[in-house]
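A.B. asks: Next come the chains, spelled out residue by residue.
Number of protein chains: 2
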Amino acid sequence: MTTSTCQELRQQSDEEIAAFINSFDTVLTDCDGVLWFGLNPILGSSDVINLFRELGKKVYYVTNNSTKHRRDFLKKCIDLKFGGTQDEVLGTAYLAAWYLKSRNFEGKVYMIGESGLAQELDDVGIEHIGLGPDLPPKEPFSAHVAVDIVKELDPDVNCVIVAFDFNISYPKIIKAINYLEKPGVIFLASNTDERFPMSPYALPGTGSIVASVTVPAERDPVILGKPNTFFFEAVRQRCPNVEPQRTLMIGDRANTDILLGKNCNLKTLQVGGGVHKLSDIRRWEKSACPKENRLVADYYLDSLGDLLPLMQRVRHLLK
Amino acid sequence: MTTSTCQELRQQSDEEIAAFINSFDTVLTDCDGVLWFGLNPILGSSDVINLFRELGKKVYYVTNNSTKHRRDFLKKCIDLKFGGTQDEVLGTAYLAAWYLKSRNFEGKVYMIGESGLAQELDDVGIEHIGLGPDLPPKEPFSAHVAVDIVKELDPDVNCVIVAFDFNISYPKIIKAINYLEKPGVIFLASNTDERFPMSPYALPGTGSIVASVTVPAERDPVILGKPNTFFFEAVRQRCPNVEPQRTLMIGDRANTDILLGKNCNLKTLQVGGGVHKLSDIRRWEKSACPKENRLVADYYLDSLGDLLPLMQRVRHLLK
Chain X
0 MTTSTCQELR QQSDEEIAAF INSFDTVLTD CDGVLWFGLN PILGSSDVIN
50 LFRELGKKVY YVTNNSTKHR RDFLKKCIDL KFGGTQDEVL GTAYLAAWYL
100 KSRNFEGKVY MIGESGLAQE LDDVGIEHIG LGPDLPPKEP FSAHVAVDIV
150 KELDPDVNCV IVAFDFNISY PKIIKAINYL EKPGVIFLAS NTDERFPMSP
200 YALPGTGSIV ASVTVPAERD PVILGKPNTF FFEAVRQRCP NVEPQRTLMI
250 GDRANTDILL GKNCNLKTLQ VGGGVHKLSD IRRWEKSACP KENRLVADYY
300 LDSLGDLLPL MQRVRHLLK
Chain V
0 MTTSTCQELR QQSDEEIAAF INSFDTVLTD CDGVLWFGLN PILGSSDVIN
50 LFRELGKKVY YVTNNSTKHR RDFLKKCIDL KFGGTQDEVL GTAYLAAWYL
100 KSRNFEGKVY MIGESGLAQE LDDVGIEHIG LGPDLPPKEP FSAHVAVDIV
150 KELDPDVNCV IVAFDFNISY PKIIKAINYL EKPGVIFLAS NTDERFPMSP
200 YALPGTGSIV ASVTVPAERD PVILGKPNTF FFEAVRQRCP NVEPQRTLMI
250 GDRANTDILL GKNCNLKTLQ VGGGVHKLSD IRRWEKSACP KENRLVADYY
300 LDSLGDLLPL MQRVRHLLK
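Just so you know, the protein sequences line up as chains X and V, in that order.
Taken in order, the first sequence gives residues 0 to 318; the numbers are from numbering that gives the first Met the number 0.
Taken in order, the second sequence gives residues 0 to 318; the numbers are from numbering that gives the first Met the number 0.
If you are wondering where the hints come from, they were derived from the structure by calculation, not from laboratory data.
Remember, predicted model here, so these are calculated numbers, not experimental data.
Heads up, a few of these hints could be off.
Derived coverage of chain V by chain X (criterion: at least 3 residues anywhere in the stretch with Cβ under 8 Å from a Cβ of chain X; other residues may be distant) [unchecked claim]: (1) 143–155; (2) 184–196; (3) 199–205; (4) 217–228.
Cβ atoms here follow ideal geometry from the backbone N, Cα and C, with glycine treated the same way.
Work out the full structure: start from the sequences and follow the hints.
C.D. replies: The following block contains the structure:
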């Protein structure tokens with residue numbers, strides 16, 4: 000489904016709002032920027048998620064954040080009153096493990112990433128190396144140091160995964176690209192988000208780490224995260240009967256969240272306050288560029304919490 | 000001058016070779032991959048450079064390597080028997096200092112780079128911060144740690160320079176992109192070379208470091224190195240009468256060295272053995288893409304050293 004105009008839900012009639020809420024059974028929701036900012040829940044958003052569940056809708060958390068295992072992510076969801084089960088949490092660390100396991104991967108993974116990724120790989124019994132900071136070299140950097148690093152590569156590595164890694168370093172990049180010299184080595188990346196939503200500060204996103212490897216690797220990775228369709232494939236594996244037309248994708252970032260929805264033919268709800276604004280949507284609506292037009296969500300709200308009073312108002316019309 | 004066919008010098012007649020050698024007074028030569036590989040000089044290349052000088056030609060070393068001050072680069076040239084003076088050495092560290100000084104820059108530079116860049120900035124009296132590894136944070140990384148880093152930014156920074164830095168780290172990227180949030184802050188990058196020429200190993204080039212900052216900065220830097228024309232502008236400043244048509248650019252990388260030559264209307268000589276091969280050139284000649292066509296050098300040799308016997312053979316025809 001591609002639409003080129005976005006409806007502001009607050010300006011819709013009671014009947015239209017109820018028709019919207021009644022039109023989906025499954026919700027995929029982005030987290031940071033929609034449910035919370037960092038450690039702070041966004042006002043009213045947990046009430047909306049819980050009301051969805053009361054209405055019988057299935058909710059999946061869909062995040063490009065690769066740093067946490069699902070159980071830790073779920074803990075945050077529960078601590079911040081969003082609820083859920085581990086099966087309803089989908090992050091790119093899990094997707095990486097799921098991707099390899101479902102393809103009967105053999106060998107080791109060289110990972111640039113945090114402990115959540117390591118734990119997801121552990122869960123499916125895939126060996127990995129690379130977690131944590133590399134030891135600094137014993138002498139100042141030179142081509143000689145680089146060659147020593149390359150000479151110690153593990154011949155069993157058949158996959159390189161690049162995700163967010165606070166300890167990203169030049170030696171890690173050397174290792175990754177030299178593993179990738181073998182054409183058969185699988186190359187996965189968590190996502191290419193440029194920044195984390197943390198206004199007024201600029202916090203480099205996983206796209207920064209991924210670019211630092213992709214440029215010298217001179218190969219393109221399979222990008223697991225939004226807007227790639229893998230997340231919805233993982234949902235389908237859980238619920239084979241899920242209908243795209245009766246599924247809603249909620250997000251604050253058009254080029255990941257909303258585009259994931261578009262790529263899977265889902266309904267889409269963009270919320271403001273995070274990365275993209277209503278003014279961006281209005282500009283994309285008018286754009287002659289099909290790529291920009293495709294970023295236009297079906298519905299818009301300033302904040303997911305704003306849906307609560309609307310749903311309460313039309314409660315008598317909800318199924 | 001744009002040509003779409005490349006002449007193999009070894010297949011030319013004595014008269015054609017002599018006409019080629021007599022057609023230029025000034026030589027700009029790339030270094031790594033043309034004169035040496037790492038610490039090892041390429042056979043015959045120093046003899047060719049010295050013969051150029053004997054014939055009265057002016058030679059400039061033109062390198063995207065940003066790690067060395069010109070005096071250290073010159074030392075390598077002299078140690079490996081290429082000769083020259085500091086005034087004949089042009090690297091991107093020098094270009095960065097030259098760029099800022101010639102624009103009467105005021106304030107401090109935040110640099111991601113090595114000591115050579117710091118020393119070139121010192122030479123022109125420009126204050127800089129950022130050299131060397133950042134201290135690791137006192138606690139595991141979190142958004143809180145990132146905010147602490149941002150809060151310590153220096154308000155006097157008016158320029159960010161990104162060059163090769165073995166100590167590239169996430170905290171450095173945080174600093175760079177938060178300085179760049181001020182629209183007036185100048186953003187310079189050494190170059191975007193994907194790799195250093197070090198076959199059979201893959202060594203990440205400055206393009207890796209630059210991409211890690213450019214992606215989250217969401218701004219494009221001024222790229223100082225080849226194929227930008229700044230190098231030839233620096234040569235013109237030294238020799239205002241230098242004629243592009245009587246200048247030869249020698250390099251092993253088409254998208255930097257040869258394109259610099261094309262961008263400045265110089266003659267171009269591609270040597271093999273480094274990044275690009277004769278087979279690449281033959282492919283680009285046939286390409287329908289003007290961008291690929293533009294990568295075709297005027298002349299080709301497997302190695303710069305191969306020019307020595309040719310020049311000796313036609314010595315009686317040289318002016």
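A.B. asks: Going through the numbered hints above, which ones does this structure break? Give me the numbers in ascending order.
C.D. replies: 4
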